Structures are given as C-alpha cells and as structure tokens.
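Number of protein chains: 2
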Amino acid sequence: MSTKKYKGFEPKWIKTVAPEGSYRSIFRWGDPEFFKWPKESLYNLMKDTFKMTDDDFKQYNDDIGFDKVENLGRSCKLAKEHIDALKEIVGEEYVTTDDYARLSVAYGNTAYDLLRLRHKRIDHLPDVVVYPDTTEQVEKIVAYVTKHKIPLYVYGGGSSVTRGVEPMKGGITLDMRKRFNKVIKFNEVDQTITVQAGMSGPKLEETLHNAPQLFGAKRAYTCGHFPQSFEYSSVGGWVVTRGAGQNSTYYGTIADIVLSQRYATPIGVIQTSHYPREATGPSLNQIMMGSEGTFGVLTEVTLKVFRWMPENRKRFSYMFKNWEIAMKAAREMMQCECGYSSVFRLSDPEETSLMLKLYNVDDTPLAPLLDKLGYKDMERCMFLGFTDGEKGYSANVAKNIAKIALKNGAIPMTGYVTKSWEKGRFNDPYLRDTLMDFGICTDTLECTVNWSNMAQVHRDVRKVCHALPNTVVTTHMSHCYPQGANLYFIFITKMSDEEEFKAYHTTILDAIQKSGAAISHHHGIGKMFAPWLEYSLGEKEYGVFRALKNYFDPDYNLNPGGTIGLDLKPEEKRNMLNK
Amino acid sequence: MSTKKYKGFEPKWIKTVAPEGSYRSIFRWGDPEFFKWPKESLYNLMKDTFKMTDDDFKQYNDDIGFDKVENLGRSCKLAKEHIDALKEIVGEEYVTTDDYARLSVAYGNTAYDLLRLRHKRIDHLPDVVVYPDTTEQVEKIVAYVTKHKIPLYVYGGGSSVTRGVEPMKGGITLDMRKRFNKVIKFNEVDQTITVQAGMSGPKLEETLHNAPQLFGAKRAYTCGHFPQSFEYSSVGGWVVTRGAGQNSTYYGTIADIVLSQRYATPIGVIQTSHYPREATGPSLNQIMMGSEGTFGVLTEVTLKVFRWMPENRKRFSYMFKNWEIAMKAAREMMQCECGYSSVFRLSDPEETSLMLKLYNVDDTPLAPLLDKLGYKDMERCMFLGFTDGEKGYSANVAKNIAKIALKNGAIPMTGYVTKSWEKGRFNDPYLRDTLMDFGICTDTLECTVNWSNMAQVHRDVRKVCHALPNTVVTTHMSHCYPQGANLYFIFITKMSDEEEFKAYHTTILDAIQKSGAAISHHHGIGKMFAPWLEYSLGEKEYGVFRALKNYFDPDYNLNPGGTIGLDLKPEEKRNMLNK
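Chains as they are written, first to last, in this note's numbering: chain U, 2 to 580; chain S, 2 to 580.
These aren't lab readings, by the way, just hints derived from the structure by calculation.
If you're wondering where the values come from, they're calculated on a predicted model, not measured in any experiment.
All C-beta atoms, glycine included, are put in the ideal place defined by N, C-alpha and C.
Take the hints with a grain of salt, since some may be wrong.
Derived coverage of chain U by chain S (criterion: at least 3 residues anywhere in the stretch with Cβ under 8 angstroms from a Cβ of chain S; other residues may be distant) [what the hints assert, rightly or not]:
1) 241-247
2) 544-550
Restraint ranges, calculated between C-beta atoms of paired labels, are given here [said to hold, decoys possible]:
3) S:Lys48 - U:Lys219: 44 to 50 angstroms
4) U:Gly425 - S:Gly425: 55 to 61 angstroms
5) S:Glu380 - U:Lys219: 25 to 31 angstroms
6) U:Pro571 - S:Ala221: 45 to 51 angstroms
The list that follows gives simulated cross-link-like pairs (lysine to aspartate or glutamate, EDC-like), each with its CA atoms no further than 20 angstroms apart [said to hold, decoys possible]:
7) S:Lys392 - U:Glu333
8) U:Lys392 - S:Glu338
9) U:Lys219 - S:Glu338
10) U:Lys503 - U:Glu572
11) U:Lys541 - S:Glu137
12) U:Lys392 - S:Glu333
13) S:Lys541 - U:Glu137
Working from the sequences, and respecting the hints, build out all of it.
Dropping the structure here:
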C-alpha cells in the first residue's frame, strides 16, 4: 500500500471492504481489510503505456462486484440420498448447497477466473460443498464418490492460477479451509511436522515459530516455503502442484521439503514412506506429487522443517550492467558451491526499470548516477536477495555473492532495495484487484530453463509478448539451481475480456512450449496449461500419467475435466514444438 | 593391502593373478593384479572370534577357482534366427554364446553369488551375450525382444549385491562394459555430462578431471558419486538402483545427481526432461530411477557435475564416548544448517573397536589413553569424514562439526584416521575374496531410518545378528540427512555354504523389515530383496510399480524373474511387519 499522497489526480481506488456475500468478496484477494494501489510513478507509467488519461480512472471499467451472490439459477443436481450420505459422514452442518458457498470454491486466481467472476459468468459450480474435519471422513467420501461415480474436487487455498480447482463436472467440492487445517504431529527429533492438507501457509509458519510454547520444543522453526500466494495458499495445494516458494533456492521447492504424504484414493489409502532417501523402486512420493487431485485426495503431509534464525539473514542487492553479464554472474553464484542464497532474484531490464519506479529510486539522485556510470535504463538489471541458515553459512554465501557480483562489474545497492521488495512480496495480488477495476489486467507465466537456453527462451518469449498490443512484460529468475533457473514473466496489459485474456495467455504459453522450456516451474498444470502438457513431455512419456490414473482412479471421478490433461480430447491438445 | 609383515604365522593368501578364463577371474573383485589381505590384528581377531587356528589357514576351505570355465553343458537355447538378427544389429563379432562370456555376466557380487561360483553352481546363464555400441542398437534390440518375447538382461559393472543382473530366464544379456561406455556430451554452461549407461565410475571421474584437456573446459570437475564399488560399477547401475556414493551427504545420492535419462522400452524411447525442477505432473525422472531394468534399458544419462576442488577439503575425526551421544551430535550436525560434510561416517562401538585394530591404533599409546579417559572399547564411537565445496563453505562445515563434536565431549583424533579409511575405501572387496578362500564370509546389508527410530533399529537388527552363530556385526551411518540416515551393517561370519548364507541374509532382512526401516538405502532391491518389498511399501503402494510395469513392458521381457518383485508369486513374498 502506498502511503505517499499523489501529487496529481488520484483515481477513486476502492478502499471499502467488499460486502459480505458479494461477488467481490470472492474474487478479490485475501484479507478483506487490506488494500493496495499503485504509486503515482506506476500510475503514470500505465497511463503512458496504455494511452490512458485520468478520465479513464474516473469510473470503473468493470463491474466491481459489490452485489450479493444469489439466485444463480443452478440448482444442486446431486440426489438427496447422496447429500444425506455426505451429511452422515461429516455432520449435517458441514454440507451445503448454498450459492455463495458453491461459487466461492468454483474459481481460482488466474485473470481468466477473476474476469469471469467480475462478469458474473459462471461456467461451473459444484453441486454441493463439504467441509471435512478428519482424514477418515475424506477417505469415506472418496470411497463414496467412487462407488457412486460422483465428480470430486478439492479447494485448498484457492490461489491456483491454472484452473486447478474448477469443478468442470459439478459434483462435490471439498472446502478444506474451514476444518481440515490442523496439526497432526510435530517431531523435533526428526525436524518434521505432519499437518492436514488444508493447513494454510501463515498458520503453519505461526505454529512453527511458536513450537516452544505449543510443543515444548527447544527452538522455533520455519517451513521455508513462501510462495507469493503464501497468505491464502494451502499446504495441500503446494504439494499436489509441486509449488515453490520465493526462498526455494535455499530451502528447495515443496518437492524437496515433503517427507511423506497420505492420500485417499479410489483404491484405498496410499501412504508414502517417510525416509530421507531409499533405494526401493520408483519414488512414490515423487509420483503422487504433481497429481493435482487426480490420483487421490491428499489428506496428510509430513514436511521437513528448518530452524528459524532470522538473526543470521544477510540482505543484498546489486545492479548489473546488462542481462547477459547478470545471467553469467548468477550462474557462477549457483555453481561455485559456496552454499545457496535463500531469496535470489534477478530482474531483467524491463522489470528493473519498473522496480526503480516502484521503489522511488527514479526520484533520487541514484538514477541519473547509474545512467552516468553506464548502467542504463532498459539495460541494467537489478539483483536482490537474502541468505538464511547458520551464521557462518549465511555469511559465506553473502560474501561469495558479493565477490562474484563485484567481479562482474555490479554496483552494490545495499539492503534497501531488498527490504522494499520484501514489503510487497505477499501483497501484490491486492494491487491486481485495484488495477482490474480500471480495465488493467496483470498475470504471470513461468517456466524452467537450463542456463544454456536461458537467453534464447527469454528473448523468444518476450518477443511474442511484445508483439501483443498494450503490454508491459517484466521477467525475472527467482528459483535458481546449478543447472538452470525459472524464468518468470509478469505481464500487465489493458484488457478486460476473459476470452481475450485466454487467447493472450495461449499465445505466450505457445511461445514457452516452442522455446523448449518446461511449461511450468511451480504453478502446476491444472486445466489451463493441460493442452500443452502431453506434447511438451512427449506422448509416451505422458502416457505414464494415464497409466497411473487408470491404476488409482479408472472411472475418472477425481478432479475430472482436463486436469493435467488426463481427460482431454486429442483436438484439445496443443503442439507448437515443430512449428 | 597390508605392507606390514606378520610377526607370527602368515596364511598362504593368494597373491597370484587368476588364470585367464578361470572361475576365479570372474568371481574375484576388480583389478586382477591387486590383492588385499588382513592385517595381523584382524587375522588374530578372526581366529579368536571364529575359534579358528593357524591350521585352518594352511589350506583353502573352498575351491579357489583357478580352473578354466568350460563345458558348462548349457547350450544356447535361442534360435539361430534370433542370433543372426542380433548380429545384424550390433555386428557379427559382438554377439557370443561362449561359456566364459555368458558366465561372466550371470552373477553379481553378493556372497550368495560368490559362493555359488566358488562351488561352480550355475543356476542361470544367458543364452547369448551381446555387446552394444550405440543407443540406436539398444533400442533395436529392445524392440526385437519385445516382438519375439525374449528375456533381456543388462550387465553394467556387475557390482550388484541384490542379484540384480542374474538372468533368471536365460535369453539375452547386454554386456555394457565393452563398448557402451562413451561420453556423449559435456556441457560446461549447465555443468552436466551425458554418457552412455555402461560408463564406469573411474572412467567418468577421469574424464571430468581432464575436462580442460578433453573439452577445452575452464576447470576440472568431479561426478561426486563414489560408492565402495566405484572401480567396477557403472553409471547405469547407479541410476537404475538409486545408488548413493560415500560422499552423498554433500553431493546427494544418484537420485539427486541425475538430471535426465533416456530408456529403450518395449513401447519406444522414453526421454525424461532435463530441467532442475518443474511442476508438470509426477516426476518421470523419479519414476524411471529405481526400475532396475524392468521398465526399459537405460541408454543415456545426463548427470550434474561438480567442481573438482580437493584443495578445499578438510579432514576430521573424533571419538565419542558412546553411540547415544554420537547419534545426537551427528543429528545436530545435519540439522544446524551449516552446510553438509562430504564424507560423514559414524561407526558404532563394535565397528570402532574393529577399526582401531585395522588402523593399528590398538598398538599405540592412544588406545589405553582413550580407556583411561572413559572412552572405553565397545562403547566409544569413531566419527570421521571430510568436507568439500568452495573454500569458505568447506571450512565452515568443518568448523561447525568441530564445535558440535567438542560440545558433545568428543576427542579430536586428527585427519590420520580419515586418511587410513580413505586408503581402503574402494578396495575392501579384495579383502573379501582373500577371506573367502578360508571359509570366512563377509557381506553387508543396509537400510534407512529416521533419527527418531535409529536407536531402536540399530538395537533390534544387531540383536538378531548376534543371535546368529560366529558373527561379527559392525554398523555405521554414512549417508546422513536432517531427517535421518542410513544404517549400514557389515557382517563377518564363518560360513561357506551359499544356502546357509541365504538363510542368514534372510534373517537379517526380516529384522530390518520388522524394525520399520526402509529395506534399502542405496543397494537397490534386485531379486534378492524383492520378497520384502511389497509388504514394506504397502500392497496398494506397491501396486503402482505393477501398473507402471504393465504400461512399459506388459509381456515381462525385461529383467524378468523377480526383479523388484514384479513377477513374484504370492508365496514368495515376505511379511514380518505384524510379527
């Protein structure tokens, strides 16, 4: 949230809590009482870029959704006997066919979802929403839907940007937020915590910080997993989509952090093993992760936990002369074996330019100084981060990063930039809602590359983005490895039609597939990315997923309707690889 | 090899190169011209333990196998048309039905194999041995055996201790040693190397050390993977069994080191992706690893490589007062987030006692001094290792290890002990052959545990071992993680009958399964451990492997006869979990 007053005209940003039961209360992000609007510099940039005037910000472009969700005209199609059976399992009050409850679990958080909700376009609704309390209840529900061939969906935190939660075939949605979010076991000897899959990020982190008070632990811990969606994402969502947090360069992605999982599947309970490594055939943990609710419903997860030692954290930021040098330096940092930085984030020139505006650096003497030194706007690249771990480890990582940055001609920018970034790290989604009120749409796409194809993917994908009208595309890498990194594209565009957005999204994903990058580093696949999956992996390779699906859920009752491409028709699949 | 002369009687250890074409040339380990025999202290210990006298070492207990392999009386049952077809694929001279060639790929290196070979007991032989040269040839062979339903086995380095290579159904064995061991690509930008699956450990490491000369690289690299079997193991074997090297605590197991894999399967080529992480469904890399030749034949592997910086290595060793304190300290070292030691090896009291004999510490004033200080024989625990990585990283790990060891009352023992261990790290298998000549059998079993069940597993398994007659059982952990470690049991026993050995092995594996540990940390499953696998993982969990098998190789032509339990009969499976 900007605290600075605008010098010029300030749009009527919505700063009112969305009414209870309203559409807006569903489609806006997170904390109802938190608001964020752009700094004046960003506001001006958008006016310039999108050829808008103050007048365009005098009225809302879209329905702002303050009206109540009611009379959706979609009656529950599930027979009363099924509803009764569900009530029998979870308790009368934890089964509902209420319109608001149903709509609130029908969409995730891609712009396609938000625009549809703003337009009151309801493509799919569950017939009934169920709030389970225990693993046993979920297991009974899965057995029940299997027997009666009822579609079953799961809503964790709802932060999916891939239409992962959308109930394409109606049926039942399990809303995990209300009750399925408890700690099952904390084990300080093994440094693990076992939780129900609906556990939210903040509640998990708070629990671990308070381990001494809650569990009599010797110290405080952290989960190490902080996606941008942290505040409204769930552990289960992290796991089934193979998510990654912004500190993954040190802590690993969720695929590294998970120790074991329990699933309720149509063939019964699947409990993966809980050893750090083993040589007992294919890894069942790595088979279940990424299944996105199609093999079974994740009920319990045991996560590795880490020591909470913020006192050892070293913040840093550097400005590199250009993207090529910056990539080379980042690679050296990842390959030199000095340990890994926790946050490790390198912005390309366009993102750097935008960041300097956002962080008000453009208004300071630093901007012209950088220019003078040859670190020019739209060439220079901002690199920032902080280290974690034991004191000596953390210091050694920061020391080596400094050494490599300086050797590559970077200018130290102090920890100020990093702190500015930290302030906004979890609340950019609020800004997105504010901009959408005026017809400006922001969304993201991301992929994984090896170092050797990074420059090419960056160039190819951005070229396609820039050929699209009215687009700002910023790019960074934020999850880095000795063999490569993710590339994360944020696009801001003047757009308010969901189908226009979908076509736009498709064009970029086509470019990512064509470039040879992995089509998702940590957002998962869901239903929105599914058309690209089979050809990206290879048809025979992809066939493995279908074989697994046929083992676990041969009747396709779990998250049906395209999730990870399992029930797509041939004509729905996209293949840009030979084009 | 002991260079010290024996003071007393010295047995007639075999120090003669086994004749070419002999049984011994097959069953003895490794370099034909290298020999190792026990130090006098160990010799005396064995006499004491097994109630043997010098007289028992005057003649060989077993057939020492100097006679030529010939007239095995097992003619090739494969039709001439098939042999011709194979010759068509790989070339006339690379297909053989020669007895020696066939026997040399029929066994691995468990004592069960070696004893059978010493007794000229030949249970299974391939009908024909083929030496492929290219990936394309292997793909053609897999297509051919699929079409004609011919069993196909692969022999990489032959160091399997799980009967992984044994051709239970005859057919074809691909011997990868001769030609399928080439470098395909070295990529310094991504720090990867792609090799054919038959590449041997030493050739790979030598290649990487010589990267500047061979590839014009900027520096030398290391593969980071050094199992005890290093000298005669293959990259393919490491990968398909999910092996781990002795430096895995820093470099990771092979499951961490592999970036991508290519397999020739009955349904065609499977190429896994080459990104450091991705969120595109279940991990195909982690599905193929551990398949042990049952889903396809591994043809090409891309491995991450590491910088070769031995100048940064810090050696250390410490003596802890007892196992309980030592386990606690080791856990703290793994959980304190200071980085990870490369070699990290903690021996239990019985192993420590043996090591002090082997390293001649028992003859020095140190031994009584340790006793006097309260670090008593059969209570004290030896901990040793060395660090790797960038200079500051390596130093920080060593510093923290020292701090934690001292805080837990350990006595520093200098790098001498570590160096002694290093000298023998790859050549203990030679000692094994020497002892077998006199009816003393050594073998190993290992498992994974979490920290919280380590004491119990250690106690339970050792109790069972000690109830067996004439047994020395030493235990260490050598692959450690924040959430647990492996436990590695070495047993030395007076035994020369293979069925007696098998029963003995079964008893210990029963104990491991019953204890709740993972039945293999890095040896894999093969055919020997297969009976325990299904019940250890759970029946529904195990069913996933069968579903995958049915997708890749529905006719069960690849490594058939029990590998990872896929074609075991119900009565062949073992379940000790509820006993």
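Hint check results:
Given as covered by chain S, the region 241-247 of chain U passes the check, having 4 residues with a CB less than 8 angstroms from a CB of that chain where 3 are the minimum. Here's how the region 544-550 of chain U fares: 5 of its residues keep a CB closer than 8 angstroms to some CB of chain S, so the rule of at least three is met and the hint holds. Taking 44 to 50 angstroms as the suggested C-beta distance range, the pair S:Lys48 and U:Lys219 conforms, at roughly 49 angstroms. Here the CB-CB span from U:Gly425 to S:Gly425 is close to 57 angstroms, well matched to the stated 55 to 61 angstroms.
Checking the proposed 25 to 31 angstroms range against S:Glu380 and U:Lys219 shows it holds: the Cβ atoms sit about 27 angstroms from each other. Roughly 50 angstroms separates the CB atoms of U:Pro571 and S:Ala221, a value that falls within the hinted 45 to 51 angstroms. With a C-alpha separation of about 15 angstroms, the suggested pairing of S:Lys392 with U:Glu333 holds against the 20 angstroms cut-off. For the hint pairing U:Lys392 with S:Glu338, the CA-to-CA distance comes to about 9 angstroms; that is within 20 angstroms, so the pair holds.
Of the supplied pair hints, the one linking U:Lys219 and S:Glu338 holds, its CA atoms being roughly 16 angstroms apart against a limit of 20 angstroms. Taken as a hint, the U:Lys503 and U:Glu572 pair is honoured in the structure, with Cα atoms around 17 angstroms apart against an allowance of 20 angstroms. Under the criterion of a C-alpha separation no larger than 20 angstroms, the hint pairing U:Lys541 with S:Glu137 is consistent with the structure, at around 18 angstroms. A distance of roughly 15 angstroms separates the Cα atoms of U:Lys392 and S:Glu333; the hinted pair therefore holds under the 20 angstroms criterion.
Distance hint between S:Lys541 and U:Glu137 is fulfilled; the C-alpha atoms sit about 18 angstroms from each other, no more than 20 angstroms.
In this structure, none of the earlier numbered hints is contradicted; all agree with it.
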